[in-house]
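*Asks:* Residue numbers (this note's numbering), protein chains in the order written: chain A, 23 to 642; chain B, 1010 to 1267; chain C, 56 to 328.
Check each hint, because a few of them may be wrong.
For the chain B half of the interface with chain C, some residues (derived, Cβ under 7 Å), not all of them [claimed, not checked]:
(1) Arg1101
(2) His1169
(3) Ile1213
(4) Pro1234
Residues of chain B clear of chain C, computed beta-carbon distances all greater than 12 Å [claimed, not checked]:
(5) Met1010
(6) Gly1038
(7) Thr1102
(8) Leu1201
The hints are simulated quantities; they were obtained by calculation from the structure and are not laboratory data.
Keep in mind it's a predicted model, so treat the numbers as computed, not measured.
Heads up, the beta-carbon is just placed ideally off N, CA and C, and yes, glycines get one too.
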Amino acid sequence: MTDMSAANGRHPMTGNELSGEAAGGMERHDYDVVVVGAGGAGLRAAIAAHEAGARTAIVCKSLLGKAHTVMAEGGIAAAMGNRWPEDNWEVHFRDTMRGGKMLNNWRMAQLHAQEAPERVQELEDWGALFDRTDDGLISQRDFGGHKYARLAHVGDRTGLEMIRTLQQRAVALGIDVFMECTVTDVFRDGDKVAGAFAYWRESGRFIVFDAPSVILATGGIGKSFKVTSNSWEYTGDGHALAMRAGASLINMEFVQFHPTGMVWPPSVKGLLVTESVRGDGGILKNSEGKRFMFDYIPEFFRAETADTVEEADAWYDDKKNNRRPPELLPRDEVARAINSEIKAGRGTPHGGIYLDIASRRTPEFIRKRLPSMYHQFKELADVDITAEPMEIGPTCHYVMGGVEVDADTQESAVTGLYAVGECSGGMHGSNRLGGNSLGDLLVFGKRAGEHASTYAASLAGARPRVDEADVRAAQASALAPFEVEGGENPYTIQSDLQQSMNDLVGIIRTRAELEESLDAIEVFKQRAATMVVEGHRQYNPGWHLALDLRNMLIVSECIARAALAREESRGGHTRDDFPGPDPEWGTKNLVVNLNEAGTGVDLHEKPLPEMPEELKGYFA
Amino acid sequence: MSYVLKLRIWRGDKDGGEVKDYPVEVSEGEVVLDAIHRVQGTQAGDLAVRWNCKAGKCGSCSAEVNGRPRLMCMCRLSDFAEDETITVTPMRTFPVIRDLVTDVSFNYEKAKQLPSAQLGPRDPDGKRRMAQVDVERGQEFRKCIECFLCQDVCHVVRDHEDNKESFAGPRFFLRYAELDMHPLDTHDRRELAQGAAGLGMCNITKCCTEVCPEGIKITDNAIIPMKERVVDKKFDPLVWLGDKIGLRNKDNEGRTEP
Amino acid sequence: MPTTDRGVTSPGRARIEERTLRRDRWWLQPLATFVVFSGFVVFATIRAFMGRDYYAEPYLSPFYSPCLGDCVEGASDFGQPFGWWPLSAALLILVFPLGFRMTCYYYRKAYYRAFWLSPPACAVAEPHGSYSGESRLPLLLQNAHRYFWYAAVLVGLVLTYDVLLAFRPMPGRYAVGDGETSGVHMGLGTLLMLANVVLIWLYTLSCHSCRHVVGGRLRHFSKHPVRYRLWTWVSRLNTSHGRWAWYSLFSVAVVDFYIFLLATGTIQDLRFF
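Okay, chain A solo, but in the shape it has when bound:
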């Protein structure tokens, strides 16, 4: 393996170098803005930074276009008013805040509601082909928690359309992409970002990025849980990178369990079943055939939810004179209801409940509106959803918590460090409405890209510099798993962590279990300190997992610690020992930081930003 020359052997597009040899030294690249992650948020941020004149690089763990955004199915929430002219940003803002149980950062919710429509139109300018209304406008569909049909969509593969459009735009602009490349550290010079440290997954070679702006767009943390709709990439990298760089996280106790994940076959347990199934008429039934959601309408949403089957069914065609079916309550409510039904012994043979659209819509309608769901069940479970009900159950789907950022710029507490999308926190409060994540990616991706670019330009010659000692430390840290002998393999630790988080920090939580989980995490940390990796650095998934596992552990601790502290139930955080919401807790966020020693997390409370009077009026 000596024939590849380090400099010339690199691929012109991917920049990837195929040699397994580490001796070639370290690659070094200089950029204005480095975006970590190439999902919707990362791509949109990179496009914005590039268009604002910054020399921009995208660094992503997978191939370009494979990010988790492709899994988003339902649509992009944007008050364009194409189906309901009554819809506008104020209604959307109100829905978002109420869905988040008022714990959202009001400014982010406001910006999101105001700017989402233009961001969607932009995708169309770049070649996206949304489904149309009869007037030829972008069609919008119903979703849980949204007052009007608001989700711009393409069948049930909206995320794919979005990522492909952004990817094609980024390629057309000629933005540099570092694919299959993992960032393991963010460098600082004083209190400012100086760059980032990364390795090529293919070759194991290291890279130093000199860049004054780093945008984290790494997505979520779902892989810390056993039953999840998230892919292997969701190891909380951005969360952990930000913490190690000195930024803080907020709202980490709020983890969204999507009510409808597949429960069978075991190999796909947790795989998402889109909310559009319910938006398009699907209902939930228990093993006794009862449409049980009517029993679970919370006081908070009683006024706007139908309490009879007749009214619920009439709503699909006449939204003005009927209230929403209870199946379309926000996700946290539905997930809890399903959980209760299963616990009460009214579950299906495979431990889920029934989601039935077959008896309510024609096969043609189902195939047209939900083609990938049809495909997914047919191929993976041998179930024809046009003829029989699906078996589904809650699955870990999204973390509302993330890096604490400024609402307008998405900058964290560390100058030059930005976070967007799922790895940022605040926008969704304690519970995210379906469809709001795709809008979040676009709106704040663009803002972060622009601000990161402006900041980089403002530095002129006075850029922060990467300290060589930090580089050596980062390298040593990345190679540490190869140095150990006789320890455990990372797959075992990961799988034990996932089981533990699922059992102890899952959808319903108690003090005792949370305390137990924190103890367990301490043990995992010790086991991880001595884990061992076989083979060498070239495309070695064992090594990659070992590095990701550190992030998963720290993020898991954040979740458990914040969950233990918040003694109430709200949105994506349900405490069996504190079943209801507590107005006192409704006024504050929980903030976590890396502790002084860097071995654990510190937690403190912080008052919620105060909403201006004119916005308060919407909730009177």
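For this one, chain A is given, so just place chains B and C on it according to the hints.
*Replies:* Below, chains B and C alone, put in the same frame as chain A:
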């Protein structure tokens, strides 16, 4: 309902490699990727394999299962007999990096060479109007998850390394077709499809359609219509004559070469 | 069969010696195609060059329709403008359906696979050292398919007319009773010709070029509702284009052979009324 699967996996890199046996315990409802993961977790921690969503939506886990290009996550073990040996190899059209992982940058280079959508100005109210029937053909092609199995199976490049230079492959013919059928795009891409992308190299033997995990009718709905559009432009004297005497297809008006 | 080192065994690719690892019977389909097509070609060549036994009143073999050369009495419904042609009249007309089928997108797939092994089956390495597809002469001429389609429509019309004629009364030697001159007749030959012409039309109208011409070339279906409807209809037929190609190939051969048997007096037509 578990049994020991006779699994064989190609291990190696660009300097060589071989198919090795990895008997592994599997159970009901599992797919090939589950078996690979179990091997990774218990027998070969450094076994290189690409995957992401494990739901047939991202197109990462492309490989060849018993010689057929497949997504490993959509390849159910129940489709094979329990005593059948399953051999998994990397895609054979692209350079191998390690084990089941190949260097698919060919596809990313080809993507770069393709001019992207160029729409005209929006309507006065800031929105765009397109009819559902006009976007439906393009929507079929945009279902593509870029697993590159069509590129892998296409004999034009699979069996002829030297054609990679001049041939973009089925995935990008889809893209040309999508853009050429886009109701608001302002470019005429027929010349490019025939020239730069090498549409004429395709002899429509339809393997791309056979392997597409999204069931896109690549040949019938994209490649052949594109070939026919090229004929309109380059090989049909009647259309040429019609152009000269003003009987042109008005549907194409206002489009320019990119 | 050895492959070149420019294919799956190129440097850099995963080192696997087998030209395919497929274990199913992938060779069955190309083999079947090869045998059937070859059989048809032999049969059609013999019949086309025979120049006789193609007409058994009121039935005219599709290989000889329209019969424009020096044809037997009653066979030429469109005159004999090529009466001077010394060879079989079939040769004058067969070039059109033959060209239509040779340039057909379905047949191309089938014979590229079965006859040229390019490729023999999916993910099975082909034996050729180089490949330029349809980008050069002579294969560049495949692009003329739509012209053969225009011709095939005319041939289809003629064959349809032949079917109408096949309902004629039979004054000649096949008459039942004595010298019937009016009324309608139907025999097994009529039925076979009818089935044949239906299949020929299904094949002709499901053609990819037809699909393009009726509407596929448009960028705005919404502005051309009639053509959109036609396109939708042709598209539906088009999904089975390969099936119609095979069925109509068989039906043409069967009709011709049946008429051959009648014309040589080997059998008598089965008459229904």
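*Asks:* Would you mind marking each hint as holding or not holding in the structure?
*Replies:* Status of the hints after comparison with the structure:
{"no.": "1", "hint": "Arg1101", "in the structure": "holds (5 Å)"}
{"no.": "2", "hint": "His1169", "in the structure": "holds (5 Å)"}
{"no.": "3", "hint": "Ile1213", "in the structure": "holds (5 Å)"}
{"no.": "4", "hint": "Pro1234", "in the structure": "holds (5 Å)"}
{"no.": "5", "hint": "Met1010", "in the structure": "holds (25 Å)"}
{"no.": "6", "hint": "Gly1038", "in the structure": "holds (24 Å)"}
{"no.": "7", "hint": "Thr1102", "in the structure": "violated (7 Å)"}
{"no.": "8", "hint": "Leu1201", "in the structure": "holds (14 Å)"}
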